[in-house]
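> Sequence:
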Amino acid sequence: MALDMGSDQSLSRRAMKAELLDAETELRLAYAWRDDRCEESLHRLITAYMRLAISMAAKFKRYGAPMNDLIQEAGLGLMKAADKFDPDRGVRFSTYAVWWIKASIQDHVMRNWSMVRTGSTSSQKSLFFNMRRVQARLEREAMKAGETLDKHQLRQMIATEVGVPLHDVEMMEGRLAGSDYSLNATQSVEDEGREWIDTLEDDSDQAAELVEHSHDTAQLREWLITSMNALNDRERFIVRERKLREDPRTLESLGDELGLSKERVRQLEAAAFGKMRKTLEAQSKEVRSFLAV
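Numbered by our numbering, the letters in the sequence shown go through residues -19 to 273 in order.
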């Protein structure tokens, strides 16, 4: 069911004119939606409590999100509540819906507050929405007591009050202190239009490094093929199964397949590696110096 939002003013007017449900009607509509998926019952339930959703959305206007977006999120939270509501539990739908509406609005605010993820855990969310209120109260109480709190003391008291680590408070303080800036913004007039992004170091692989890596990979592959060709079929099989698979096999499983003891497979593996090393060392001084490292 999609919400026909329109403007927040028109939606608010419609919500204020919606019917008020008594407990018996609310219960009947909830059962009809849960048991029979009656969309008409769902629509009445959602419409009746849209005023609650709008009222809760208005409390989050100070976070800078457009009111229409907040109402949209509140409506989505209300619909989630209706979909998950169990009328057999004996609680009013409005009491249950408050949690879902609030959670939906808070998630939207935090997703859009900054391009940098502001918080994901429940404690960080609590800090985001309560830090300024708690800070103001602590400062008022300190002022009444004639005390002066430095920044560290205040942060520590906030951390204790909200129940989060001190570093979370320090991180959130930084996120709430300023907004995001575009990397394409110019640094200053004197810099002749130089953008902040020009000051970032390019940490991607450069062309020379890519060519060098490709050459080294090809050389190592050639050495491996040459050394493997020096082995017999059984030795080659053991090396491949033990070292060249994403999920290497155990000595025991190879022994069972080859009809050998675990110790014998280990000896054959060690002998194969010895052959491979000897073959590689005979290739060139470059290989010998590489193996000697």
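A portion of the hints provided could be inaccurate.
Cut-off 30 angstroms, straight-line C-alpha distance, at most; resulting in silico cross-link-like pairs (BS3-like, lysine-lysine) [what the hints assert, rightly or not]:
no. : residue 1 : residue 2
1   : Lys60     : Lys131
2   : Lys60     : Lys82
3   : Lys223    : Lys242
4   : Lys258    : Lys242
5   : Lys82     : Lys(-3)
6   : Lys124    : Lys64
7   : Lys255    : Lys223
8   : Lys41     : Lys64
9   : Lys124    : Lys60
Hints are computed from structural coordinates only; laboratory data are not their basis.
Remember, it's a predicted structure, so these values are computed and weren't measured experimentally.
> Is the Cα-Cα distance between Lys223 and Lys242 30 angstroms or less?
holds, 16 angstroms
> Please verify whether Lys258 and Lys242 have alpha carbons no more than 30 angstroms apart.
holds, 25 angstroms
> Tell me if the straight-line CA distance from Lys82 to Lys(-3) falls inside 30 angstroms.
This hinted pair holds, its Cα atoms lying about 23 angstroms apart.
> Need the status of pair Lys60, Lys131: alpha-carbon distance at most 30 angstroms?
violated, 41 angstroms
> For the pair supplied as a hint, Lys124 and Lys64, is the alpha-carbon distance within the 30 angstroms limit?
Roughly 47 angstroms separates the two Cα atoms, so the pair is violated.
> Hinted pair, alpha-carbon criterion (30 angstroms max): Lys124, Lys60. Please report holds or violated.
Distance of about 45 angstroms is beyond 30 angstroms: violated.
> Is Lys60 close enough to Lys82, meaning Cα to Cα at most 30 angstroms?
holds, 12 angstroms
> Measure nothing beyond the straight line between the CA atoms of Lys41 and Lys64; if it is 30 angstroms or shorter, mark the hint as holding.
holds, 27 angstroms
> Would the pair Lys255 and Lys223 pass a check requiring their Cα atoms to be no farther apart than 30 angstroms?
Roughly 15 angstroms separates the two Cα atoms, so the pair holds.
Hints 1, 6 and 9 from the earlier list are contradicted by this structure; the remaining hints agree with it.
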